[in-house]
Amino acid sequence: MRRSRLDRRTVLRGLLGGAAVSIGLPLLEIFLDDHGTALADGGALPVRFGTWFWGCGMNPDRWTPERVGAGYDLPVELAPLAGLSDRVSVLSGFGVTLDGRPNLPHWTGVMATLTGSVPRRDGDVDAPTLDTIVSKAIGSATRFRSIEMSATGIPGQSYSREGTSLVNSAAVSPLELYARIFGPGFADPGDASFQPDPRTLLRRSALSAVREDANRLAARLGSHDRRRLDQYLTSLRQLEQQIEVSLRPPDLAACRKPEAPAGEDVGSDLERATATHRLLADVAIAAMLCDQARVFNMVFSWGTSELRRQGTDTAHHQLTHDEVVDKELGYQPRATEYSQASVAEWAWFVRRLAETPEGAGSLLDHCLVLGHSESSFAKSHSVAGLPVMLAGTAGGRVRSGLHVRGDGEPVTRVGLTVQQALGVAAESFGTGSMRTDRPLADILA
Amino acid sequence: MAGSRILVGALLAALALPACGSSGGAGGGPRTTPTPAPSATATPGPTPAPPSTKAGPAAMRRLTAPQYRATIADVLGEDAVAPGRFEPDQRVSGLLAVGSADVSVSPSGLEQYDAMAREVARRALDPDHRDAVVSCSPQSTVDDACASAFLRATARRLLRRPVADDEVSAWTAIAREAASDLGDFHAGLEVALSALLVSPEFLFRIDETEIDPERGGERFTSLSMAHRLSYLLWNSTPDEELLAAGERGELVDPAGLASQVDRLLESDRLDTSVRQLFADAWGFDAIEQGLVRKDPEIFPAFSQEAIRDAEEQTLRVVVDQLLARDGDYRELFTTRRSFMTRPLGILYRVPVRSPEGWEEWLFADDDRRVGVLTHASLLALRSHPGRSSPTLRGKFVREAFLCQDVPPPPGNVDFSMFADDANQKKTTARERLEAHVSNPACAGCHALMDPIGLALENFDGIGVERDTENGAAIDASGALDGDAYADAPGLGAALARHPQLGPCFVETAFRYSVGRNPVAGERDWLEWAQERFADSGFRLRPLLRTIVTSDAFRRASGPREASTATTANAHPDDADAVGAEGSR
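Chain order of the listed sequences is A and B. Number 680 in my numbering belongs to position 436 of the first sequence; there are no gaps in the numbering. Number 358 in my numbering belongs to position 329 of the second sequence; there are no gaps in the numbering.
Everything labelled a hint here was simulated from the structure, so no lab data went into it. Note that the structure is predicted; figures quoted are calculated from it, not measured. Every residue gets a Cβ at the ideal spot worked out from N, C-alpha and C, and that includes glycine. Careful: at least some of the hints might be erroneous.
The list that follows gives simulated cross-link-like pairs (lysine to any residue, SDA-like), each with its CA atoms no further than 25 angstroms apart [claimed, not checked]: (1) B/K455 x A/T558; (2) A/K501 x B/R147; (3) B/K83 x B/K455; (4) A/K571 x A/R553; (5) A/K571 x B/K455; (6) B/K83 x B/R583; (7) B/K455 x A/Q554; (8) B/K455 x A/P577; (9) B/K455 x A/A669; (10) A/K380 x A/H468; (11) B/K83 x A/G466; (12) B/K83 x A/S467; (13) A/K380 x A/R643; (14) B/K455 x A/E572; (15) B/K455 x B/N499; (16) B/K455 x A/G574; (17) A/K380 x B/N499; (18) B/K455 x A/V568; (19) A/K571 x B/R461; (20) B/K455 x A/D570; (21) B/K455 x A/D557; (22) A/K380 x B/A144; (23) A/K501 x A/T444; (24) A/K380 x A/S452; (25) A/K501 x A/L419; (26) B/K83 x A/H468; (27) A/K380 x A/T408; (28) B/K83 x A/R470; (29) B/K455 x A/E567; (30) B/K83 x B/A284; (31) B/K83 x A/G574; (32) B/K83 x B/L286; (33) B/K455 x A/S452; (34) A/K501 x A/S490; (35) A/K501 x B/A144.
Counterexamples of contact, computed for chain A against chain B with all Cβ distances above 12 angstroms [what the hints assert, rightly or not]: (36) D366; (37) E456; (38) G511; (39) E581; (40) P601.
Given these sequences and hints, build the entire structure.
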């Protein structure tokens with residue numbers, strides 16, 4: 245490869261020689277320091293944040309480790325994490341304080357975790373979700389603010405929300421997601437003849453005219469509509485950013501334009517959801533390696549999980565309510581099959597990140613991924629002791645591989661920890677009794 | 030939630046009984062008592078003059094996906110309509126039309142609009158189509174006169190208003206720069222047009238108000254009336270005649286308004302918009318987006334083609350009954366008239382002669398298929414991927430046809446109560462749902478939903494007829510608010526007789542028309558319009574005329590102020606029923 249024969253001094257001289265040259269050069273491995281973790285100019289590889297959600301929780305007795313701290317044990321429902329427990333922290337016993345508000349089934353738990361606020365009514369989103377907060381800190385320089393995905397085929401099934409009426413809808417088709425990220429707008433670093441499309445530059449100036457129109461329009465609107473227009477303008481800025489970024493190829497060494505996903509078959513049965521999840525995940529991973537996005541949200545199943553075995557008439561969520569707790573086993577065997585399959589798929593995802601090389605380590609080393617569900621024991625819609633996990637070390641900003649007990653403390657402590665780890669200037673998170681100014685000291689490095 | 034929809038059993042909840050309690054008994058059941066207006070006039074009878082109305086606030090509405098496509102087709106030609114996904118529309122209080130006044134555009138949503146805009150512009154201006162949309166011939170690569178003529182005319186239609194000279198100059202400058210860089214006049218127009226198509230004034234319809242010089246208060250401007258009328262009655266941008274009438278100020282005048290309303294109501298294009306009204310109210314967008322999926326092992330007869338035909342069948346029956354026949358709305362629930370295609374013949378198990386296309390169909394007098402409740406579209410939509418759902422079906426009937434909101438289940442239901450009898454073999458849905466009835470925390474609400482849905486149990490999760498479930502005979506009998514029935518046709522008849530059916534449709538049509546829930550100052554008018562609807566024999570055209578000529582449609586309290594909006598809730602039984610309320 246040409247890359248290995250270049251010496252650093254030559255390239256630097258070339259860079260200094262002219263701005264025009266510097267635009268198109270990919271980031272070469274020779275810019276990495278001896279550990280391969282940082283750029284020659286001292287900049288680290290980008291840190292990414294993601295959420296990975298599954299619906300209908302777990303069985304607390306079978307899920308919660310006994311030992312705290314490092315080297316925690318893996319009870320049967322965490323068994324799929326075998327070999328990964330030093331890369332994943334388990335945060336047990338963190339929950340929701342309702343402050344007299346109703347526990348809205350399959351909604352309160354996830355919104356409390358992601359927004360820090362307990363919604364009053366079903367469907368309400370009282371504050372922006374964690375991913376949108378974090379993306380403002382780490383996602384604004386990339387082509388995509390974030391990537392939302394749903395493995396069971398419903399675009400509206402996304403918990404990434406700025407508020408009640410602004411949903412960042414999910415990609416459900418791996419092929420469509422691939423086309424969106426690696427289609428014509430992608431500047432392929434492997435393409436030596438890359439030239440920005442002259443239309444791209446023209447679009448940029450055309451969009452600035454749109455912005456002026458929008459600003460004029462704002463003066464004619466009431467407060468409700470102005471707020472909506474502001475959101476539009478934020479989206480417009482993101483679109484302009486996308487154009488800006490697409491003028492030069494990505495400069496990460498691990499970036500390769502992947503092959504398009506081979507085939508897809510979207511559906512809510514476990515077989516299809518699992519296959520779709522893996523295809524979507526691989527597109528998202530390639531996107532992160534090429535720094536097209538630094539934030540992602542994966543919904544493996546919705547809060548009212550519709551996972552089902554093909555040929556069976558009752559889905560996971562329905563089973564959590566209808567199925568008897570087996571007196572001998574002490575749990576609902578059929579419903580549990582789906583929650584365990586979900587945790588197994590979460591483990592697949594973490595392992596995939598861990599096995600994806602980047603710099604001197606893996607992509608997981610530069611990620612922080614929040615794995616969570618909206619309830620603990622779904623049969624009773626319990627929001628006490630929500631299952632929460634953190635995978636990855638965020639480029640050394642968090643410690644991993646710990647079991648931390650929450651003992652009933654608010655789950656917002658996790659959200660605050662995530663924000664502080666990722667450089668959000670947040671001193672507190674949450675409202676009412678959920679408000680906290682105490683991040684998890686064990687986790688923050 | 031704006032005060033339009035009464036929470037069933039809210040009163041009982043206030044008395045610390047479980048939500049829904051045991052209401053829903055005889056005598057028409059729980060129903061909306063109109064909220065008295067602050068300055069209530071005398072209770073209006075069927076008087077000729079409408080009661081005084083204080084209209085609600087105005088808000089801009091995002092074009093729905095069908096409106097976007099229709100607008101492109103009208104302005105740039107059918108061939109310019111590009112395939113592709115949009116950001117999902119959001120259903121609020123049961124209607125996408127109401128949600129359209131809440132939604133904004135997310136980053137990924139704008140990305141989709143932008144990709145769509147570029148593709149639309151490319152198609153509209155490709156060598157085969159450019160002459161149809163650009164009326165002048167460019168004299169050179171850069172031709173400001175020709176570019177500005179095109180952009181002025183196109184922007185006027187897309188933005189639904191005359192455009193100022195400085196705006197035209199700005200768009201022309203973009204076209205000029207692009208044309209000279211790309212060495213192609215039409216490529217220049219393409220860049221300008223694709224930017225115009227992501228302008229917020231195109232993606233949102235801006236309803237502007239002004240002081241009413243004669244009566245005081247705020248009214249919609251004549252220009253805003255033009256697109257309020259056209260998107261409601263034609264589901265697209267105003268045509269030249271309507272836009273010109275709007276520009277001349279004629280649509281704030283009752284006579285000028287009436288003459289345009291007559292024209293729009295008599296046009297064939299009214300079909301499109303009536304279809305849209307019903308598709309929205311009944312949740313057919315999930316079918317259109319391919320989101321209704323069924324287990325192929327359990328339902329091998331199901332296909333996307335069949336469910337799309339099922340939607341079309343229902344909309345054909347609606348248009349035939351309400352427009353072609355100018356018939357009674359209530360008969361939608363009792364009619365035996367329908368339409369068939371070959372793929373539908375598989376679901377309905379009937380022989381269809383025509384290999385392609387549609388044929389009229391009349392169900393026999395002793396057939397269970399009577400009225401839209403027995404249509405495969407609604408039945409499949411309110412079912413799970415692997416089975417039917419009496420609860421979802423009953424909830425849908427309560428909400429969509431009777432305007433009653435069934436509250437979400439309490440979060441603290443102790444489901445372990447079900448444990449004792451759950452090992453018993455349960456063959457039919459009625460037996461499975463016994464648990465709801467035996468648990469007081471569930472019984473109140475489920476008593477409102479389940480009996481309705483159980484009447485439809487002779488149709489499985491994709492709407493195929495059946496006599497038994499798991500070998501046991503299906504008992505479809507029950508009662509709707511005290512009106513007893515033996516089977517699905519009986520349910521349809523009971524619904525058609527229900528005193529709330531007509532009033533609910535008026536409320537739905539009104540909410541669809543104005544993109545919001547009614548406010549207190551419109552309650553008297555709404556009641557009056559409900560009586561007018563009954564007086565007219567429950568006919569749609571007179572109802573639409575009543576709405577669009579009302580103060581509630583023509584006037585506003587002013588721009589809407591910021592507040593939080595509600596969205597629909599998810600019920601335990603909503604898990605995979607995307608048709609019910611999307612997915613929030």
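Q: Hints the structure violates: just list their numbers, smallest first.
A: 3, 9, 17, 31, 33, 36, 37, 38
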